[in-house]
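Student: Single-letter residue listing:
There are 4 protein chains.
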Amino acid sequence: MATRTDVGADADGYPAPSRGPLPTKDVGRLLLRCADRPGLVAAVSGFLAAAGANIVSLDQHATEPSGGTFMQRTIFHLPGLPAARDALERDFAEQVASRFDMDFRLSEAAKPKRVAIMASKEDHCLLDLLWRNRRGELDMTVSMVISNHADLADQVRPFGVPFIHVPATKETRAEAERRQLELLRGNVDLVVLARYMQVLTPDFLVNVGAPLINIHHSFLPAFIGAAPYRRAKERGVKLVGATAHYVTEELDDGPIIEQDVVRVDHRHTVEDLTRLGADVERVVLSRAVLWHCQDRIIRYGNQTVVF
Amino acid sequence: MATRTDVGADADGYPAPSRGPLPTKDVGRLLLRCADRPGLVAAVSGFLAAAGANIVSLDQHATEPSGGTFMQRTIFHLPGLPAARDALERDFAEQVASRFDMDFRLSEAAKPKRVAIMASKEDHCLLDLLWRNRRGELDMTVSMVISNHADLADQVRPFGVPFIHVPATKETRAEAERRQLELLRGNVDLVVLARYMQVLTPDFLVNVGAPLINIHHSFLPAFIGAAPYRRAKERGVKLVGATAHYVTEELDDGPIIEQDVVRVDHRHTVEDLTRLGADVERVVLSRAVLWHCQDRIIRYGNQTVVF
Amino acid sequence: MATRTDVGADADGYPAPSRGPLPTKDVGRLLLRCADRPGLVAAVSGFLAAAGANIVSLDQHATEPSGGTFMQRTIFHLPGLPAARDALERDFAEQVASRFDMDFRLSEAAKPKRVAIMASKEDHCLLDLLWRNRRGELDMTVSMVISNHADLADQVRPFGVPFIHVPATKETRAEAERRQLELLRGNVDLVVLARYMQVLTPDFLVNVGAPLINIHHSFLPAFIGAAPYRRAKERGVKLVGATAHYVTEELDDGPIIEQDVVRVDHRHTVEDLTRLGADVERVVLSRAVLWHCQDRIIRYGNQTVVF
Amino acid sequence: MATRTDVGADADGYPAPSRGPLPTKDVGRLLLRCADRPGLVAAVSGFLAAAGANIVSLDQHATEPSGGTFMQRTIFHLPGLPAARDALERDFAEQVASRFDMDFRLSEAAKPKRVAIMASKEDHCLLDLLWRNRRGELDMTVSMVISNHADLADQVRPFGVPFIHVPATKETRAEAERRQLELLRGNVDLVVLARYMQVLTPDFLVNVGAPLINIHHSFLPAFIGAAPYRRAKERGVKLVGATAHYVTEELDDGPIIEQDVVRVDHRHTVEDLTRLGADVERVVLSRAVLWHCQDRIIRYGNQTVVF
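Residue numbers (my numbering), protein chains in the order written: chain S, 5 to 311; chain W, 5 to 311; chain G, 5 to 311; chain E, 5 to 311.
FYI, nobody ran anything at the bench for these hints, they're computed from the structure. Errors might be hidden in some of the hints.
Footprint (simulated), chain G over chain E, 3 or more residues, beta carbon under 8 Å [to be verified]: (1) 82 to 89; (2) 214 to 225; (3) 239 to 249; (4) 264 to 275.
Each pair of labels, with its calculated beta carbon distance range [to be verified]: (5) Ala114(W) to Val274(S): 54 to 62 Å; (6) Arg161(W) to Pro206(G): 26 to 34 Å; (7) Arg161(W) to Asp105(E): 33 to 41 Å; (8) Ala91(E) to Gln99(W): 27 to 35 Å; (9) Asp269(S) to Arg161(G): 36 to 44 Å; (10) Val274(S) to Ile228(G): 38 to 46 Å; (11) Ala97(W) to Val274(S): 52 to 60 Å; (12) Arg94(E) to Asp105(W): 45 to 53 Å.
For each residue, glycine too, the CB sits at the ideal point set by N, CA and C.
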């Protein structure tokens, strides 16, 4: 008689926590966007076949049955990709992209994105990203954590990631952003705002040279401004949610990447709502970061397609 | 060899569709609300025990650890309740409610709520309520369907419910409301706005003499005004939802009863969003109506407690 | 002051209930499955481009990074498709499918699937399918409803669909199936078991000449056999679910198309679980039927890919 | 122009991460279970009122309308509870519990449960519990982590919790359990199996003197035995879930506390399913542990009531 499935020591089908990355050698990702017209899929797949690449996966989306925007994500396998990559990119630009007036991006799956995380005092989003990445779940390298407070330094250090304290208040914003830009510009492919509670200026967004992903709470109806969880409680909401989005100059209004909610009821206190909201935030943010790092997201207008 | 669980004809544990109502004979429901103070539960349960009633179920909620609002729903069984009811109500008022300055409501489970449904052209919420009620799921009697259009008459008739066409436009609102009030006042315990697309005036709300429940779509962020599904599509939302609430003079802003959402992605068209939104709307509205008819809801401030 | 968004009569962005079908003229759907190898996407898209077709949408999936099964769904627009269809199919078979040893299926979006629904006494799945189809949500024509009981005849008639009573018990199964096959064979593209509570024999499955979709309840853990909702209640489950699947000779064990669950707790009675389970069943079944009718599903092994 | 809601430094309504515990001084929790009969609520609330206690919250549940099992959880405030507690318990036993043949348990909210966590090599459940407890979310004191592997020692140490390595294999089970019992017996109020991959014997369960909570994956259908995620992938499941339950001698079959699921589709690899399953596991386990530590759970038969 046994109280657990007796399948031998640690052998229930779980991968070991330190499992290696998925096979990414010689795997390329081609993302593109252009005006829709006949022949796009054939042109791209023909180009890749001629180049000796095998298409592993292909997703495409057209915003309208005809005459809209066309987007495609193609994963391909090309032996010797690292050496062939620059020529492939140049050839694609000349032979396909210019012909269809395409925006495109070619990346190698074997090169994880370099990511900076900016945080303040809240630890839930930051630690979840660091922990998932240590497990090998996120396909990224965390280059640094930048915080306007020193509080989380001790929690970040065990992950072997540099923690950089850049004090920032409304008054010292200019100086803080100058310092942040020195750290970030050219060094990272993505900046994640993991509950970073300071305003970033349009100048910063222009100059940082990498996309930014932010996470914030979501309610129905919305509660803009201070103390949203308290006001959601006063309004008796039955759902608490979170939205991850790219940062644009529009206040919390950039292209949505992912959203989720959790049910609450009258027995939940403001503290409970905050705790449950934090649970949703860290899950939603980690999904958004993973999808970005896997080159799954194409932006158009104020929207995203997540393949 | 068989392709379905062979359990005999129609015997897989499903109740027959025409199953009778749950036992409600001699079952009473006591809802109350007052300022919180020690001794409330003891006073109410003592009163009921002295009256010969057995408490079947009791839920209570206090908005604060102390000094807040106290609400309680008590389901009890009292042999001979129909005859004893008026005396019980009077005694409770004198012996308990006046002492604690309580608002309270006593109802008999055996008396289903009399409900009017108001609709326009959309059928999904209306038909779902009628169908659920025919199955015996909603503990209500539908007294009438009032619509400002004649379109749905043929769909309502098979349910054996009166369909009353009261044309209403912005211009004829006063006359339409006069006619609606004649139909409703004193005749119903609840009015359900099942996608009724006309404004109701504050006067109507005051004079109708029954609470109103409304359903509307919900998005994160909110899209106020015309064409919300199209705008939600343009914004690339990942969730589409619905909110059922009591109607107050505040525009779509009364106490929330229930909310739910469904996931969507970039492949969903505006028509898909609308269809999925309708699915959520009918489920959320039917839950809200069921809970109201079971006397599960207590309002306070701009919130609800749903026991 | 108004209590509803005052956007004019019925003008809040909802489509009219009787909206026409999505544009499907000249739209074809090509589904294919074969062993994965380089050049598949290029070959198919090249063929379509040469035939003058514009790819509207393309989804593909490979079960392994290499060496697995490859599946693809391509939606294309080809002016004059109805006339060109047979030649297109023949050319594709000769020029592409034979070369790659493909299974494929070509269908026209403008030709809705002909569907038979089999039911017993439970109405929730049957009526939901009929109602959704009346709204134009399901891209199908319901050719007939076959039931082993007469109970639901009155509820089906208003939808203008033939209701055929074929009594069936364990003893009369052979005769009943003979009669059912006469009705179905060659006349329908899909059979939906909408809580049809009789066993179907392997002979029936072989001879009916159309795929069958079934819906059944799902629990964690599973409760096989009689009275599953009562036993789920006794086990204190916190989730109640439903699974829609293709019917195979394996008892309730065919390829899963869709699953969903709803939360329950100790306050829910067996009747509540049954009601909530029915809600999930009708939603899950309608999704599976819609996806099948849109040619979104490819089967392989005992699984499905739903594009 | 600003890209985040500018509400001042870190002032958006989030509590500081190091917020103190909820007020628990002089708060008691009384859980009871007995055969249902009239007068129970009155007897208990009358006793508490007479003792000078104010009922903060009361939940009760009867398994049948009459003649079933009655369960109640009462939260009360009694000034001077720590000193009065023993007398209160004795008086309740004599004056109420003995009269109704009640099982009951009286606890003080100010005394967090002493908890041992047992783990193996997987870190997700263990670290999530430690992290939530550091944030003050779980109302418990983690007395120790026991693991049959040394792998997680470095990850546990920063939380200031003793990590005790007790090697255990099928062969050394008796010796391992002897050592574990020395550590646990009398020292903890709860044992959490956070992906502990060793069998525990019935003797251990009897002698450990504290309830055990376990977490395991859940699928529809169930996949018993080795490699469940691989087999779920082969079956094409659309949901992956987890179940937290009390441990009994029945293999993975004790009273369910909480369940949840996450949607998956054909694009998810076995590794993705495992990762998403781990996400559900840690959330479901943490909810179960929280509810246990808040004395929200009453067991009866093979079920739980979670108030």
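Student: Now look at each hint and say whether the structure bears it out.
Tutor: Structure-based check of all given hints:
1. Counting residues of the region 82 to 89 of chain E whose CB falls under 8 Å from any CB of chain G gives 0; the rule of at least 3 is not met.
2. Three residues within the 8 Å Cβ limit are the bar, and the region 214 to 225 of chain E against chain G gives 4, so the coverage statement holds.
3. Under a criterion of three residues with beta carbons nearer than 8 Å to beta carbons of chain G, the stated coverage of the region 239 to 249 of chain E is upheld, 7 such residues being counted.
4. For the region 264 to 275 of chain E, the stated coverage by chain G is satisfied: 5 residues place a CB nearer than 8 Å to a CB of that chain, which reaches the threshold of 3.
5. For the pair Ala114(W) and Val274(S), the supplied restraint of 54 to 62 Å is violated, since their beta-carbon distance comes to about 40 Å.
6. Between Arg161(W) and Pro206(G) the C-beta distance comes to about 44 Å, which lies outside the given range of 26 to 34 Å.
7. Between Arg161(W) and Asp105(E) the beta carbons are some 57 Å apart, a value that contradicts the proposed interval 33 to 41 Å.
8. Distance hint for Ala91(E) and Gln99(W): a CB-CB separation of about 32 Å, consistent with the stated range 27 to 35 Å.
9. For the pair Asp269(S) and Arg161(G), the beta carbons lie near 42 Å from each other, so the given range of 36 to 44 Å is met.
10. A C-beta distance of roughly 45 Å is found between Val274(S) and Ile228(G), which places it inside the suggested range of 38 to 46 Å.
11. One distance hint, 52 to 60 Å for the beta-carbon pair Ala97(W) and Val274(S), is violated here, with the actual separation near 35 Å.
12. One distance hint, 45 to 53 Å for the beta-carbon pair Arg94(E) and Asp105(W), is violated here, with the actual separation near 36 Å.
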